[in-house]
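Chemist: Protein chains in written order, with full-length UniProt numbering: chain Y, 1 to 502; chain X, 1 to 164.
Calculated from the structure, these hints are not laboratory results.
Do not take every clue at face value.
[Claimed, not checked] Residues from chain X that face chain Y, not an exhaustive set, calculated with beta carbons under 7 Å:
| no. | residue |
| --- | --- |
| 1 | G28 |
| 2 | F32 |
| 3 | V50 |
No residue lacks a Cβ here, since even glycine has one placed at the ideal position from N, Cα and C.
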Amino acid sequence: MDILASLAMGFSSALTPINLMWGFIGCLLGTAIGVLPGIGPALTVALLLPITAKVDPTGALIMFAGIYYGAQFGGSTTSILLNTPGESSSMVTALEGNLMARNGRAGPALATAAIGSFVAGTIATVLLTLFAPIVAKLALKFGPAEYFAILVLSFTTVSAVLGASMLRGFASLGIGLTVGLIGLDSTSGIARYTLGVPELVDGIEVVLVAVGLFAVGEALYSLLYHKEEATGRHRLTSLWMTCADWKRSVPAWLRGTLIGFPFGSIPAGGAEIPTFLSYSTERKLSKYPKEFAASKGEGAIEGVAGPEAANNASATGSLVPLLTLGIPTSATAAILLAAFQNYNLQPGPLLFETSGELVWTLVASLYIGNVILLVLNLPLVGLWVKLLQIPRPYLNAGILVFATIGVYGMRHSSFDLLLMLAIGWGGVLMRRFDFPVAPVIVGMLLGPMAEKQLRNALSISQGDWTVFVTQPISAAFLALTLLVLVVPHLLHARGIKLHEDD
Amino acid sequence: MTPVRRVVPVQLAISAGVIAISAALAYGAWQFPAEMGFVILGAYVYPYAVALFLAGVGVVLSYQAVTGGFRELADHEDESAKVIPGGKAGVAWVTAGLLGVAVLINLIGFVLAAALLFACSARGFGSRHPLRDLAIGIALTLPIYWLFNAGLGVSLPPLVNAWI
Chain Y
1 MDILASLAMG FSSALTPINL MWGFIGCLLG TAIGVLPGIG PALTVALLLP
51 ITAKVDPTGA LIMFAGIYYG AQFGGSTTSI LLNTPGESSS MVTALEGNLM
101 ARNGRAGPAL ATAAIGSFVA GTIATVLLTL FAPIVAKLAL KFGPAEYFAI
151 LVLSFTTVSA VLGASMLRGF ASLGIGLTVG LIGLDSTSGI ARYTLGVPEL
201 VDGIEVVLVA VGLFAVGEAL YSLLYHKEEA TGRHRLTSLW MTCADWKRSV
251 PAWLRGTLIG FPFGSIPAGG AEIPTFLSYS TERKLSKYPK EFAASKGEGA
301 IEGVAGPEAA NNASATGSLV PLLTLGIPTS ATAAILLAAF QNYNLQPGPL
351 LFETSGELVW TLVASLYIGN VILLVLNLPL VGLWVKLLQI PRPYLNAGIL
401 VFATIGVYGM RHSSFDLLLM LAIGWGGVLM RRFDFPVAPV IVGMLLGPMA
451 EKQLRNALSI SQGDWTVFVT QPISAAFLAL TLLVLVVPHL LHARGIKLHE
501 DD
Chain X
1 MTPVRRVVPV QLAISAGVIA ISAALAYGAW QFPAEMGFVI LGAYVYPYAV
51 ALFLAGVGVV LSYQAVTGGF RELADHEDES AKVIPGGKAG VAWVTAGLLG
101 VAVLINLIGF VLAAALLFAC SARGFGSRHP LRDLAIGIAL TLPIYWLFNA
151 GLGVSLPPLV NAWI
């Protein structure tokens, strides 16, 4: 009842013209960048962060959420028609959907992806509505020791699960933690690692690092190492799904949602694990295993429906830990956290009490956003495909110009622009040697938080380090951390490889 | 296991870099001024922990680098991956554009500096029409400039600086 009342309030505020407009812009932008290669939701939200200076928090966050969602919708279009996954989480879709397109079934593949994303997004939002308040209530009982343990768990999952090697993930995390150390220490007031450069006393902005790594790094890297792939575009066919298509898609959507949501809501590093899990589940359960890519078939519709549902559900799922605990589980969520912080809002259990209206408006906007996206994507898919006709030089040059604005707009410093360039070159090196990028962002954002919680925990326990293992909740999180360190090895042994979300 | 245990110099250098960062962190933490009063966990403790963590990672990375190279590199990223033809010229153009914007933005203003960046990066990515690119750049950056200054209140440096 309580939830329903809050949600109704959220809807009444989300349906105001101005908020609807922000949602619409977000969905539009999100779909566009999902379709376009080389620019993802994390980068887009990062570039738009300067608007937090002017736009009210509700509108801005609705727009950012729309971008996050829309990118998942749009990503499938490129994968199916071009076999170039716009987002890494649509890799499986590229595999199976492109096969369908090659065999003249592009339309049904696009339809099942879009409707599946809608179904999954909506169910996942219902789950978010139900579970987030419960998690928030639980989280109210957490003290600094528990928070520190959760943060350690997040560090480990984000760096151990993403990328091919746990070790290089940890290296990225360490770099991120190092960057997070730069600036004034909030407890003692000592300026740390500023090397006497005044610009560094305030620390390095997350946006700067994100833009450097994602936009500049990606641009330079693709110039150096990417070969232009001559992949033919497949023609659009009728979007009509046959009865058999529906019958095979619906269960796959539901299973995908059930796999995606929990994986998104635990710090397991983005949408890749659930999409791959969903894909292998569908392959096992399908009555038509011969149609799957692995058996050189014509492309199975379940193989598109399930993973697409899973990646959308996990995007929604990742809002649970973000809103209730203040812990991002993907690169995009990390940037969203930065957006909250720009408004002096600290996501966490108290957010539901102090900014209840904002939270519920955001949740309501997710329901609305899903409808907007379905409308934007299904009938208009032909329009989006036209975006791919922007010549590559202009697309990349445009991204770099926006990157410059995003960084320079923050504090008008040429120093920041030089730093962005340097970080971009660092990003090239990281990509070249397969170091994942997301742990850097998560490390620099959560590192200072972890230090603070560690100090608070030890102050409360009067310097007794055993609190972390004697408090049951904190001990459980640390035990989970150990599990996370072991499980990827088992997954790798079974041939499941994961990539990061950017 | 490969019988030949190669040393990969680039990777060894990266590993050494990680260890160097760790050493710098530890040295920096050692240099922090003393804190006053009752301190439960000084400002230097956590940096030391990060330094230790990075040192550990760096040592294992170096071990991998001298015993055949980093493990599980995606195949297109092993050290046989070659820079594609024209790639170096491309990054030179993009880097020059970004350097240029950093140096020039306060001198010639946002619109011109960003348009220059646009033209340089378009050139880096293979365009061969510098004047047209510059024009497109200005057509792109002018509305952005107006939007940011008027609409969002994020002030970017003026079109052309005060000397006009």
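Chemist: Which hints, by number, does the structure contradict?
Modeler: Nothing - there is no hint that the structure violates, so all of them hold.
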